[in-house]
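**Q** Throw the hints in and build the complete structure from the sequences for me.
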Amino acid sequence: MVDASPDTLSGPQGPRPRKVLSRRNIFLYGTLFVITVYYALPLYVMIVTSLKGMPEIRLGNVFSPPVEMTFEPWVKAWSEACTGLTCNGLSTGFWNSVRITIPSVILSIMIASVNGYALANWRFKGADVFFTILIFGAFIPYQVMLYPIVIMLREIGLYGSLGGLVLVHTIFGMPILTLLFRNYFTSLPEELFKAARVDGAGFWGIYFRIMVPMSLPIFTVAVILQVTGIWNDFLFGVVYTGPETYPMTVSLNNIVNSTQGVKEYNVNMAATLLTGLVPLSIYFVSGRLFVRGIAAGAVKG
Amino acid sequence: MASERPNQLFRNGSAKIAAIPMIVTALFVFVGGTVWTVVYSFTKSGLLPRLNWVGLDQYERLWATRKWLVAIENLVIYGFCMLVLVFVIGFVLAALLDQKIRFENTVRTIILYPYALSFVVTGLVWQWILNPEFGVESIVRGWGWESFSFDPLYNADIAIYGVLIAGLWQGSGLVMVLMLAGLRGIDQEVWKAARVDGIPTWKTYIFIVIPMMRPVFITTLVLVVTGIVKLYDLIVAQTGGGPGIATEVPAKYVYDMMFQANNLGQGFAASTMMLVTVALIVIPWAILEFGGSKNRG
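Respectively, the protein sequence lines represent chains A and B. In terms of the numbering used here, the first sequence opens at residue 624 and continues consecutively. In terms of the numbering used here, the second sequence opens at residue 1242 and continues consecutively.
Treat the hints with care, since some could be wrong.
Restricting the straight-line Cα-Cα distance to at most 20 Å, the calculated cross-link-like pairs of lysine to aspartate or glutamate (EDC-like) are [as the list claims (entries may be wrong)]:
| hint | chain 1 | residue 1 | chain 2 | residue 2 |
| --- | --- | --- | --- | --- |
| 1 | A | Lys886 | B | Glu1374 |
| 2 | A | Lys886 | B | Asp1392 |
| 3 | A | Lys886 | B | Glu1378 |
| 4 | B | Lys1257 | A | Asp751 |
| 5 | A | Lys886 | A | Glu695 |
Honestly, the hints are just simulated from the structure, not real lab data.
**A** See below:
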């Protein structure tokens, strides 16, 4: 993602200046406008539906803007919506997700960054073999490892608890994060590392005093990647936790797709929007770093 | 880096300690877990995994089950359409954005935001938009086209295409961003040379630029394909596999067998089939990509 820098050449060079309202521009911007509207529409639909009352929804269609704005669906989605058994709304799921995401993000980044550092600067015999297995492991469908992990978690007494899910997220975050950190640390000038070695700094000394302070951008990318990934996870949540510990995505699905009672579309959309709010705000605030995070997955080692 | 001194177990000890989580994960979870599942797919495990061998019985039963066949058919339809469309849309969007346009950041931000949302959220929004009573169908009918019918969530024949619409909306931004990065990596001289030779723009894209972007296409392909095989949350949220079994997919079949039908053996056999599918794609790619240069880290 390099910005196209303005041409600073003198003389008659570069492409021919174009008229603003040329046929090409009308076509280009027209197409882009239609596409942008299409992509933005679902977000708009979520917002307007969540602000309408049920009678208004029954009269209109999904795109009609609210006549009488109400925030009741939001309140209901947060604290009263029913999942079939209980009616605690999304709040329980939200706090579960918070309690899952924070430790998972910290733990997975700590482990992966130290590991990536060891792979980049302190290579030992056999390290590449394990690293290769780890990277290939990222392609194995999760379904294959689903049940063996159930058994492992049961053995250590973490099956069905938040701790177990944190462990699972740490394991499955490892390939991409290790790759990310390894590549970043490899790109740092080697002289730095050598100078610190000459000065007598050891493995941890170099890591904490030199590598970490120099790598804040990549740590930010990793945090963005992990927070959105873990927050959006559904499969691991539904397999490794129980009704008490379900993360927000699972509660959301249970609320909206619950077969009991009258469908309250406004509450459903408020709940959907609430669940999407965390990754969405991260996305809109972080901008370029988010793009860098997803591109990191595509950059080969 | 590491000098050529003889290797000892405790040399470089801290690095080895730091790598323990990776070693444990690689050996026990990735290798161990995979081998375990494949081995147990040849057993009669029901509620609990047990080592009573039945040979290929689970696989024979799997391929005789209608739900699995529907799941495979859906994956093929979804996968093929997704693959073609996501690349066409992603590339066209990237090419449009690469025209030195104004508001590039805004447009990119809007097209990519669905990718930040979870599949559950995506599925639920589209479930609502495609609702025949209030959504697209009723709106088009309201415009005067009374016989218009588009209800992929209730019509088993086209249900999977309803999921496809949602999947494309969510995933095309990612492909666009990767393609855009690829386009920006093309030397501007190539464009100048093509213009001098009088080659039309579309021909330059198809015959010159796209072949040059081969690495980007391949990595994107691997990302998209592995994503397609994993398709699960979107189905659960948007259709729940319905109407009937019209939108079942392999990943959902595995989950249902393992955790709802208490038929672990079937689940293991089905997940092994998923593993084989991914291996058939990833291994040739890995050989092509890394086979030639083994000295690269």
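**Q** Take the hints in turn and mark each one as holding or not.
**A** So, going through the hints one by one against the coordinates:
1. At most 20 Å may separate the alpha-carbon atoms for a hinted pair to count; Lys886(A) and Glu1374(B) meet this at roughly 13 Å.
2. With a CA separation close to 18 Å, the supplied pair Lys886(A) and Asp1392(B) stays within the 20 Å bound.
3. Taking the CA atoms of Lys886(A) and Glu1378(B), the gap is near 19 Å; set against the 20 Å cutoff, the hint holds.
4. Annotation: proposed proximity of Lys1257(B) to Asp751(A) holds, straight-line Cα distance about 12 Å (limit 20 Å).
5. Proposed proximity of Lys886(A) and Glu695(A) is supported: the alpha carbons are some 15 Å apart, at most 20 Å.
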